[in-house]
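There are 2 protein chains.
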Amino acid sequence: MNVFVVGIGLIGGSFAKDIKRIMPDSKIYGIDASDAHLEEAFTLNLIDVKSSYEDLGVADMVIVSIPVDVLVTELPKILDAVHDDCVVFDGGSTKNLICKQLEEHPKRRNYLACHPIAGTEFSGPSAAIEGLYEGKTNIICEVEKTAFKLQEKTIGLFREMGMRIRYMNPEAHDRHIAYVSHLSHISSFMLGKTVIEKEKNERDIFDMAGSGFESTVRLAKSSPAMWTPIFKQNKENVVETLDEYINNLESFKQLLLSDDYEGIYNEMNDTNKIKEILNGIPLNK
Amino acid sequence: MNVFVVGIGLIGGSFAKDIKRIMPDSKIYGIDASDAHLEEAFTLNLIDVKSSYEDLGVADMVIVSIPVDVLVTELPKILDAVHDDCVVFDGGSTKNLICKQLEEHPKRRNYLACHPIAGTEFSGPSAAIEGLYEGKTNIICEVEKTAFKLQEKTIGLFREMGMRIRYMNPEAHDRHIAYVSHLSHISSFMLGKTVIEKEKNERDIFDMAGSGFESTVRLAKSSPAMWTPIFKQNKENVVETLDEYINNLESFKQLLLSDDYEGIYNEMNDTNKIKEILNGIPLNK
Chain A
1 MNVFVVGIGL IGGSFAKDIK RIMPDSKIYG IDASDAHLEE AFTLNLIDVK
51 SSYEDLGVAD MVIVSIPVDV LVTELPKILD AVHDDCVVFD GGSTKNLICK
101 QLEEHPKRRN YLACHPIAGT EFSGPSAAIE GLYEGKTNII CEVEKTAFKL
151 QEKTIGLFRE MGMRIRYMNP EAHDRHIAYV SHLSHISSFM LGKTVIEKEK
201 NERDIFDMAG SGFESTVRLA KSSPAMWTPI FKQNKENVVE TLDEYINNLE
251 SFKQLLLSDD YEGIYNEMND TNKIKEILNG IPLNK
Chain B
1 MNVFVVGIGL IGGSFAKDIK RIMPDSKIYG IDASDAHLEE AFTLNLIDVK
51 SSYEDLGVAD MVIVSIPVDV LVTELPKILD AVHDDCVVFD GGSTKNLICK
101 QLEEHPKRRN YLACHPIAGT EFSGPSAAIE GLYEGKTNII CEVEKTAFKL
151 QEKTIGLFRE MGMRIRYMNP EAHDRHIAYV SHLSHISSFM LGKTVIEKEK
201 NERDIFDMAG SGFESTVRLA KSSPAMWTPI FKQNKENVVE TLDEYINNLE
251 SFKQLLLSDD YEGIYNEMND TNKIKEILNG IPLNK
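Keeping their order, the protein sequence lines are chains A and B.
Under the working numbering, residues 1 to 285 are what the first sequence spells out, in order.
Under the working numbering, residues 1 to 285 are what the second sequence spells out, in order.
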């Protein structure tokens, strides 16, 4: 099987590693906007061939793992170039715009809209990890629009990688993911900003930071090139989550200002139930 | 050496484990407001003796690891009860109030004001970990007020546990710790609250949460009984950090609303330097 990975970084590279393990006979073709990344992916043995769009005619499977703004321009071109039995899937963190855009595409049945909930704060070919998808959730949108044979083959592969499959419509996906992923990134980036601003003249104050700060601010290491277009595409939902988050912080501050420590205790106690909720979430580490 | 641990949970229990390793001949006495905790600590071999304040006269070292509100009432009593060569140190996350309160205590020279920057989101005797303090920072306030012989002995022990020692005045400690620790806890608690509120009728939506959400919301599992008095004692500094954090979130939202994606990119890109800053922080995992 000829597998093309368009955008050979953390997400695409980790798919390549798992596919090589599950199907040792597959041939992995890499395509990347950055020659340096492509070269690095080749050196790291993530891909067998440095390739380009011109070769897409031989593809049996195309994994498109690029920022969501370029996904919108590239996916239609990729679908145009592939043969009728080829499946094309993406890993974008927003699903609504891309599904709308491909609605009328003559090869819509060759596309499977995916969002594997997996990753780390690192990026690029060297960040790829074998087994990244083990135990993770893959959200598939509008599965009924994909040819059944291609669904079967691709979802079978996801299951072999150890993924749990969830089906959802693109609007619900974007609304919920704003809460459980996009908001976390903003809260973390702004926490990092607040502390850096305050402590800019006292860098060694970070000696005082413990693993709690590190954990809360981890996502502030994420790639701006990846996240800016996500926030843009999911603007409406993200603004709503931000409004609610800011309101909750403001209320907490008011409790403090009015010395309502019973109220503060209750706020935290009620939120402690996140423990049980998180027990369902698989971790990387 | 007779070592007393008042409050035998994560912090005190981890000290007990390291002391047993470094000084196998020491005898560890446990005191706890909860009989169940004391019994558990004994069963887990964290302590050799279940003890009470009446025995404090034989103590050579007392570790007081209890919430900061009870610290204020208990430390003076503990100091009253110990002999002249006994050192008493605490692990409280606020230092200003307690240092002020003990300023005129006749046994002030027996007290060493400490804040070991270590811990996990768990609590109680079963959360104690050997080696918790390895590579961590211990902030000591007003070291000059402690008898030199007692400083020497106690700081020597901290160094044997692998801790880095930093000296700071109590006001500076409370101001900086508000940024690098207390704010992280509030941002995490309020993130958890925002998501739970929104998704309360759709619990299975948490399948969509990945390790990024888990990391950012980890501190929301922390103990309200421990954190409420910390926020109370450090109210002024915490309110200031919250104001700045809320302003930064509000600005980010305004950038989104005005479609200033270059501005959003720059905000995130500037904050990425947290990577280098964090390289100095030792982690538990």
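Don't take each hint at face value.
Stated by the list, open to error - No farther apart than 30 Å at their CA atoms in a straight line, the calculated lysine-lysine pairs in the DSBU-like style are these:
#  : chain 1 : residue 1 : chain 2 : residue 2
1  : A       : K253      : B       : K232
2  : A       : K198      : B       : K275
3  : A       : K253      : B       : K273
4  : B       : K253      : A       : K273
5  : B       : K232      : A       : K235
6  : A       : K232      : A       : K20
7  : B       : K100      : A       : K198
8  : A       : K275      : B       : K235
9  : A       : K232      : B       : K100
10 : A       : K232      : B       : K253
11 : A       : K275      : A       : K77
12 : B       : K235      : B       : K253
13 : B       : K198      : A       : K232
14 : A       : K235      : B       : K253
15 : A       : K275      : B       : K253
16 : B       : K100      : A       : K275
17 : A       : K273      : B       : K235
18 : A       : K198      : B       : K20
19 : A       : K235      : B       : K100
20 : B       : K20       : A       : K253
21 : A       : K198      : B       : K27
22 : B       : K153      : A       : K275
23 : B       : K107      : A       : K198
24 : A       : K273      : B       : K198
Bear in mind the hints are in silico, worked out from the structure with no lab data behind them.
Quick caveat: nothing in here was measured; it's all calculated off a predicted structure.
Each hint tested on the structure:
1. Our distance criterion of 30 Å between C-alpha atoms is met by A:K253 and B:K232, whose separation comes to about 11 Å.
2. Between the alpha carbons of A:K198 and B:K275 the distance comes to roughly 17 Å, so the proposed pair stays at or under 30 Å and holds.
3. Under the criterion of a C-alpha separation no larger than 30 Å, the hint pairing A:K253 with B:K273 is consistent with the structure, at around 28 Å.
4. At roughly 28 Å between alpha-carbon atoms, B:K253 and A:K273 fall within 30 Å of each other, so this suggested pair holds.
5. Of the supplied pair hints, the one linking B:K232 and A:K235 is violated, its CA atoms being roughly 36 Å apart against a limit of 30 Å.
6. Of the supplied pair hints, the one linking A:K232 and A:K20 is violated, its CA atoms being roughly 35 Å apart against a limit of 30 Å.
7. At most 30 Å may separate the alpha-carbon atoms for a hinted pair to count; B:K100 and A:K198 meet this at roughly 26 Å.
8. Between A:K275 and B:K235, the direct Cα distance comes to roughly 26 Å. Compliance with the 30 Å bound is thereby established for this hinted pair.
9. Our distance criterion of 30 Å between C-alpha atoms is broken by A:K232 and B:K100, whose separation comes to about 51 Å.
10. In summary, the hint linking A:K232 to B:K253 is supported, as the alpha carbons are separated by about 11 Å, within the 30 Å threshold.
11. A threshold of 30 Å between alpha carbons decides the hint, and for A:K275 with A:K77 the separation of about 45 Å lies outside it, so the pair is violated.
12. Simply put, B:K235 and B:K253 have alpha-carbon atoms about 27 Å apart, close enough for the 30 Å limit, and the pair holds.
13. Simply put, B:K198 and A:K232 have alpha-carbon atoms about 22 Å apart, close enough for the 30 Å limit, and the pair holds.
14. For the suggested pair A:K235 and B:K253, the alpha carbons sit about 9 Å apart, so the restraint of at most 30 Å is met.
15. Restraint check for A:K275 and B:K253: the C-alpha separation of about 29 Å stays at or below 30 Å, so the hint holds.
16. For the given pair, B:K100 sits about 37 Å from A:K275 by alpha-carbon distance, which is inconsistent with the 30 Å threshold.
17. As the CA atoms of A:K273 and B:K235 are separated by approximately 25 Å, the hinted pair is consistent with the 30 Å bound.
18. With a C-alpha separation of about 40 Å, the suggested pair A:K198 and B:K20 falls outside the 30 Å cut-off, and the hint is violated.
19. About 49 Å separates the Cα atoms of A:K235 and B:K100, which puts this hinted pair outside 30 Å; it is violated.
20. At roughly 43 Å between alpha-carbon atoms, B:K20 and A:K253 are farther apart than 30 Å, so this suggested pair is violated.
21. For the given pair, A:K198 sits about 45 Å from B:K27 by alpha-carbon distance, which is inconsistent with the 30 Å threshold.
22. Note on B:K153 and A:K275: the hinted pairing is violated, with a Cα-Cα distance of about 40 Å set against a maximum of 30 Å.
23. Distance hint between B:K107 and A:K198 is unfulfilled; the C-alpha atoms sit about 37 Å from each other, more than 30 Å.
24. The suggested pairing of A:K273 with B:K198 holds, with an alpha-carbon distance near 14 Å, which does not exceed 30 Å.
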